Amino acid sequence: MTELVVTTATDGGEVLADAARVGNKFARQEVLRRAGFRVPEFFCLPAAAFDEALDALRPSLPAEPADGADRAEVESWCAAAREALGGARLPVALAERIRKEFAAVAGPEGLVAVRACVVPAVTAPEAAGADAAEAIGEDSAVDPFAGMSDSFLYVDEDGLEDAVLGCWASAFNPQAVRYRTLRGLDPLRARVAVGVQRMVLGTRSFVAFTRDPRDGAVRRVVAAAYGIGEGVVQEKADIDHFFHDPATDEVTALTVRKQWSMGLPEGAAAGAPVLLPVAGELADVPVLDDDQVRAVAELAARVEELFGVPQDIEGALTEDGLVHLLQARPLVTAPPTTTATAAAGTAPATGTATADAASEESGNDQVYWGNHNITESFPGVSGALTFSQSREFYRRSFTDLYRRMGVPESWVRDNAHRLARMVGYLEGQVYYRLDDWHALHGQMPMFELVRRGWEQAMGITGPARGERRWAAPAVALALPRLAWRSALHPWQVKSFLRWWDRQMAEAETIGDSPEELIAFYRRLWERAGERWGVTLVNAFIALVVLGAGSVLLRRWTGEGPQVLVGLMGGGRENRSLEAVRAAMGLAELVGAVPELRAAVLDDASDPERLWRQIVEGQYGAAVGDAARGYVARYGDRALHDLKLEEPTPRQRPWTVLALIRPLVRQGATVAASRADEQAAARKARERLHEVLPNPVRRTVLLGITSLARDLARIREDTRFCRTQLFGLSRDVMWRLGAELARTGVLDDALDVADLTVEEVIGAFDGTGTVTDLRALVALRRTQRERWAKNPQRPALLGTPAGLALARALPRASAVGKAAVADDGLLRGIGSSGGVVRGRAKVVLDPSTDPDLAAGRILVARETDPGWLFLMMSATGMVVERGTLLSHTAITGRLLGVPTVVAVPGATTAIPDGAWIELDGAAGTVRLLPPSEQPEEPEQPEQPEEPGESEAPVGTAPIDGTAPTDGTATTEKGDRT
11 MTELVVTTAT DGGEVLADAA RVGNKFARQE VLRRAGFRVP EFFCLPAAAF
61 DEALDALRPS LPAEPADGAD RAEVESWCAA AREALGGARL PVALAERIRK
111 EFAAVAGPEG LVAVRACVVP AVTAPEAAGA DAAEAIGEDS AVDPFAGMSD
161 SFLYVDEDGL EDAVLGCWAS AFNPQAVRYR TLRGLDPLRA RVAVGVQRMV
211 LGTRSFVAFT RDPRDGAVRR VVAAAYGIGE GVVQEKADID HFFHDPATDE
261 VTALTVRKQW SMGLPEGAAA GAPVLLPVAG ELADVPVLDD DQVRAVAELA
311 ARVEELFGVP QDIEGALTED GLVHLLQARP LVTAPPTTTA TAAAGTAPAT
361 GTATADAASE ESGNDQVYWG NHNITESFPG VSGALTFSQS REFYRRSFTD
411 LYRRMGVPES WVRDNAHRLA RMVGYLEGQV YYRLDDWHAL HGQMPMFELV
461 RRGWEQAMGI TGPARGERRW AAPAVALALP RLAWRSALHP WQVKSFLRWW
511 DRQMAEAETI GDSPEELIAF YRRLWERAGE RWGVTLVNAF IALVVLGAGS
561 VLLRRWTGEG PQVLVGLMGG GRENRSLEAV RAAMGLAELV GAVPELRAAV
611 LDDASDPERL WRQIVEGQYG AAVGDAARGY VARYGDRALH DLKLEEPTPR
661 QRPWTVLALI RPLVRQGATV AASRADEQAA ARKARERLHE VLPNPVRRTV
711 LLGITSLARD LARIREDTRF CRTQLFGLSR DVMWRLGAEL ARTGVLDDAL
761 DVADLTVEEV IGAFDGTGTV TDLRALVALR RTQRERWAKN PQRPALLGTP
811 AGLALARALP RASAVGKAAV ADDGLLRGIG SSGGVVRGRA KVVLDPSTDP
861 DLAAGRILVA RETDPGWLFL MMSATGMVVE RGTLLSHTAI TGRLLGVPTV
911 VAVPGATTAI PDGAWIELDG AAGTVRLLPP SEQPEEPEQP EQPEEPGESE
961 APVGTAPIDG TAPTDGTATT EKGDRT
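Heads up: the sequence shown at position 160 corresponds to 170 in our numbering, and the numbers run straight through without jumps.
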């Protein structure tokens, strides 16, 4: 005979701990009770009681919809079942039994909480062979079903029967029906268990997490309010937040003024909870003191230890100070999927979690992915061609780095699988696979010198951080090798750049036949794989130098790294800046020819036709030579120039006109650009003299910054070489694509964007495995277009380990924290000094006309070298990604544009067109209130000549005057 009421006295240990019968919520409570936790007494009506009640009503219900019935028919039947259950009466014997158990649990005058819990549609033994989706139940590890079923609090004996029926009826609540439908679960198969538990009359209640839900860090987070827990769970009460660090036992608090709590209406003996005013003397008192926070944190930790996975618990403190544990569930940080395992996350009676639940929930069993840094190069969704080329680049170049840094060849060979997956393809977005980066870099003892700076540059935080692998003595023994490598570095860089220029010259001699193109491509990448590690050694040394400089600056002056940043300006031009100033020079020549200037600024002009006229000399030989020379030297530099599906001026030379148009309109000159750069560097040196009067120490810091400046120049030089490397690869692939289209293998030359490099080459050399490339292209294009519509993924995320990516990615959870502090400032890394106020121009699509950024503060997720012309139009830059050595930071310094990088969430926190103040030294961004927004002058009817106009609408000096320090022009707004 099926038992319809189960108590701790009658159970015998079999039913109450079985989630398939009573649901995850009550099974866990039984496990906790047996383990000695202070859990209020309870009894259950298992799902079998619900089944009997529903079966008894089926004759009066409409016919159950057949498989495949439409949504309206299913929802109509569920509504009828809900109404029937809510209006039914319990069998007399069952009603008497629950009244008896009520008295045993709460006493004749007591109160109980009556809660529903959705249980799996199959029993645990059946689940192994059943559809796994049907084994998902409320409070499971992968899907909490939060808010889907009903609970009733402060229930007395007279209200008990109605509360049980209400819980049963909630199986078919409209939101539960829709939720199950969306999740691919059958709403008709819903089953509900009901728990009846002594009501704890808490004066304070809490929810606690054993991991910080913001970033997954091992930090206990407690949210607490006066009154019962509904005030916290439903966020109706005023809530204090507490943070407990288990490593230091330190407690920090974020408290609010408490006005409201939740509890039983004053004077009522039973009934639904309501909002109640908090006593005035308690309004500003933290809900919990530090010792109570530690006690709650320790309770949560013990629950985690019992179940083996991070936990989310609820509890209450009574007037006597005792802490009561009311609920516990696995901490869910990933979105639910329909492929979860049976009753995942429910601890068996022994108190251990299933292996599947542990692997999917534990922060220690996550694969961490980051694109904080790489998105500069591969923003948005990339095609298969781009990803396959980027994967090859990382594999070859880092293999050469580890060889140069002394990692044993045998170890590199044994970890070839890690080198092959340094980057991953997450629904079209290129991400670093961080566990492999930690493992690979961890083989270099010197890496410990730069680990912190490297993780900051990569945007790695919280549990995604790696562990220290080398002790101080091992690092010290590695220093001589690093010193020797640093001494050889300048010579090796010069050798690398000479070699690269020879490759560019050789590329001019390559013919058009597929055989020649493929041979050149193979030869180029084989040679690059033997040399590109030099560029990565440069990045390593730069991190060491910057770290040393920052430490000395802070120790000697107490200043942050902003002074160091300013000193890095000036010096010899790098190749990236040469490209910018070559464009400025071309813009100057164009501006000097009135007819040509007017044509370039005219939006109605045909750019392709106008470009042809320019290079043919119709506007003078000097302009034509400069235009052809720009494309020949810098034609690979463009927006997204590492994405092989994107054209550059090498393929579309007339696009140069759109790049120089804002420079022509502004009247930008090379001489003014150089003067701005020198003035900024001079101001930084003056600041150093103020904060560090000691001449010896000042000389040391100037020497360090001089070395850092050289390393930054090398970085930009070699990044330009990388642009050209990908440019040559683009040219080869597009030419091969043209041949495939000419012979009818593909419909269009650019269809190669949706093939891998090896698939393109394999179509010619007989190594391809797919003959119908058209079908493959169509499949991948459809997939890529679908991915492009998806929301932007977080820069740092974790996926469950041990799962195929297609299954793990829907469960991905963001890792990180917001940038906005209590003072309302957005904070990042100040990378180019100066303060500027102006209207924000939020740019998510870098193909935006540079004119639209003119006179505005550019706000973007990331930039790459192709953004230079947008940057040059802007008065300041705020970027979500980046570091002191990122392209954005370096360019901001070179152009004298105040810049803040690594500002998480900037593009969503700053509305387009909002007035903001950017402090490039402090690394802060502030939204200006109306009282601080300057009045905007009226636009002149006709544009004035360059150099004669006022500051453009959208920028304003802070003090209402033009800058006098030489760091800005009136066209650029105020930079102080």
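Careful, some of the hints might be misleading.
[To be verified] Label pairs and their in silico Cβ distance ranges: (1) Arg-564 to Ala-293: 12 to 22 Å; (2) Asp-782 to Arg-817: 50 to 60 Å; (3) Asp-255 to Asp-775: 33 to 43 Å.
[To be verified] Capping the alpha-carbon separation at 25 Å, the derived lysine to any residue pairs in SDA-like fashion look like this: (4) Lys-246 to Gly-318; (5) Lys-504 to Arg-532; (6) Lys-799 to Thr-779; (7) Lys-693 to Arg-675; (8) Lys-504 to Gly-580; (9) Lys-246 to Asp-259; (10) Lys-246 to Pro-283; (11) Lys-246 to Thr-258; (12) Lys-246 to Ser-161.
It is worth saying that the hints were derived from the structure and are not from the lab. In this text the structure is predicted, and so the values were computed from the model without any measurement. Ideal Cβ placement from N, Cα and C applies to all residues, glycine included.
Taking the hints in turn, this is what the structure says about them:
1. Roughly 41 Å separates the CB atoms of Arg-564 and Ala-293, a value that falls outside the hinted 12 to 22 Å.
2. Restraint check, Asp-782 to Arg-817: a C-beta distance of roughly 28 Å breaks the suggested window 50 to 60 Å.
3. At roughly 59 Å, the beta-carbon separation of Asp-255 and Asp-775 lies outside the given 33 to 43 Å, and the hint is violated.
4. The straight-line distance between the Cα atoms of Lys-246 and Gly-318 is roughly 32 Å, outside the 25 Å bound, and the hint therefore fails.
5. Of the supplied pair hints, the one linking Lys-504 and Arg-532 holds, its CA atoms being roughly 24 Å apart against a limit of 25 Å.
6. Note on Lys-799 and Thr-779: the hinted pairing is violated, with a Cα-Cα distance of about 30 Å set against a maximum of 25 Å.
7. For a cut-off of 25 Å, the pair hint linking Lys-693 to Arg-675 is broken: about 29 Å separates their Cα positions.
8. Using a Cα cut-off of 25 Å, the hinted pair Lys-504 and Gly-580 holds, with the two alpha carbons roughly 20 Å apart.
9. With a CA separation close to 30 Å, the supplied pair Lys-246 and Asp-259 exceeds the 25 Å bound.
10. The straight-line distance between the Cα atoms of Lys-246 and Pro-283 is roughly 11 Å, inside the 25 Å bound, and the hint therefore holds.
11. At most 25 Å may separate the alpha-carbon atoms for a hinted pair to count; Lys-246 and Thr-258 exceed this at roughly 32 Å.
12. Distance hint between Lys-246 and Ser-161 is fulfilled; the C-alpha atoms sit about 16 Å from each other, no more than 25 Å.
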